[in-house]
Every structure is written in structure tokens, then in C-alpha cells.
Amino acid sequence: MNKTIKTISTLSFILLLFGFSKQSSEVINADEFEQAAINIGDLAPEIIGKTPEGKIIKLSDLKGKMVLIDFWASWCGPCRRENPNVVSTYNKYTKAKYKDAKGFEVFSYSLENPNSMERWTGAIAKDGLIWPYHVSDFQGWKSPASNEYGVRSIPSNFLIDKNGVVVAKNLRGPALARELDKHIKSF
Numbered sequence: 011m012n013k014t015i016k017t018i019s020t021l022s023f024i025l026l027l028f029g030f031s032k033q034s035s036e037v038i039n040a041d042e043f044e045q046a047a048i049n050i051g052d053l054a055p056e057i058i059g060k061t062p063e064g065k066i067i068k069l070s071d072l073k074g075k076m077v078l079i080d081f082w083a084s085w086c087g088p089c090r091r092e093n094p095n096v097v098s099t100y101n102k103y104t105k106a107k108y109k110d111a112k113g114f115e116v117f118s119y120s121l122e123n124p125n126s127m128e129r130w131t132g133a134i135a136k137d138g139l140i141w142p143y144h145v146s147d148f149q150g151w152k153s154p155a156s157n158e159y160g161v162r163s164i165p166s167n168f169l170i171d172k173n174g175v176v177v178a179k180n181l182r183g184p185a186l187a188r189e190l191d192k193h194i195k196s197f
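Residue 11 is where the sequence shown starts when you use my numbering, and the numbers rise one by one after that.
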């Protein structure tokens, strides 16, 4: 009987996970996109996007700094739950002195769907995402940037050094602060 209960519990858990990911649209079907992935040690590809104000910003504008490239979306629950950690880390590390960089910035790339400008700007304000580098192309999962980086679920992030080389990826919670600690001289 215990074996039957375990089997039913396991199946229920799997169905719950499957239903959650399908319903929330936070995971994509990798077959729809060419297989690409950026790994630690790779040079981060250029990202160009528009801010909520319509200004064009490039990732390369931040060369010389440690940069967290943060793929997220206003509709993504796990992203929104991770945002307080990113904000806290930004506030703590933006003024730190780095061994080989001129500061720390967050470059937020949002996988927004068409016509979701208001929801996006509302999420930026509500979550207190105070850094100035917010971009989107409003193509959702068809975004060339997410495809080039091999992003298959969000939140997803890449920490790059002053030369644009990926030094870490998919840092959540305190892992982001621990990684940044390796690159600072002092506060």
C-alpha cells in the first residue's frame, strides 16, 4: 500500500509541475528554436533593445563594468519573486570597488509579449528595479537575444566581467552576492 501511495504522490507531483510550466508559459519548447547556449568563459553576444522610453541601449555600452544580464518578464512569477534579491544585490554592490571593473550594473532584458508595455513598466516600478538599463523587443520567447543566449526558462542570468566574458550564470538568491564578492576589493 505504501508503494501505491508513493507512486500516486510522485505522479501527482509530476502532473502538477507539468501543468504549472505549461500554464505559466515560463518554459519554452526548445524544438522551436535553434540550439544555442552561452557558457562560462564565452564572450557575451551584443544585446540591443529599447527602454520603456524608446531609447536604444546596447550591452556594450556597459563595457568596463561587471554586468548582470537578467532575462525576466513581468508575467513570470519566479522572476518577480527573484527581483527583491536582484534589487538588494544591486543596492549593495553598485558602489563597491572592483579588482578589474569600474562598478556593477544590471542589464534587464524582459521577454515581454506584444502590447505589454504597461504591464512591463508597472512591474519595473512595483518591484523597485531602480537601475537604468531595462530593455525589451516585445517578441516574448521569439526574442533573438534570448535565443542567442540559449535561454529556455526564466529567470535566467549571466554575470559578465569588464571585457564582456561570462564569469557565472544562473545565479539565484545569495549565490549572486557570493560571486560578486570574488570580484570586489572593498566596499
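These are calculated hints, taken from the structure and not from any lab test. A virtual CB, placed ideally from N, CA and C, is assigned to each residue, including glycine. Worth double-checking, as some hints may not be accurate.
Unchecked claim - Have a look at the derived ranges for each label pair, beta carbon to beta carbon:
id, residue 1, residue 2, range
1, I50, K136, 19 to 27 Å
2, K195, N101, 15 to 23 Å
3, G138, E63, 14 to 22 Å
4, K136, G51, 16 to 24 Å
5, I66, E128, 16 to 24 Å
Outcome of the hint check:
Roughly 32 Å separates the CB atoms of I50 and K136, a value that falls outside the hinted 19 to 27 Å. With their beta carbons about 19 Å apart, K195 and N101 fall inside the hinted range of 15 to 23 Å. Distance hint check for G138 and E63: the Cβ-Cβ separation is about 18 Å, which falls inside the suggested range of 14 to 22 Å. For K136 paired with G51, a C-beta distance near 36 Å fails the hint of 16 to 24 Å.
Range check, I66 to E128: Cβ separation about 21 Å, and the 16 to 24 Å hint holds.
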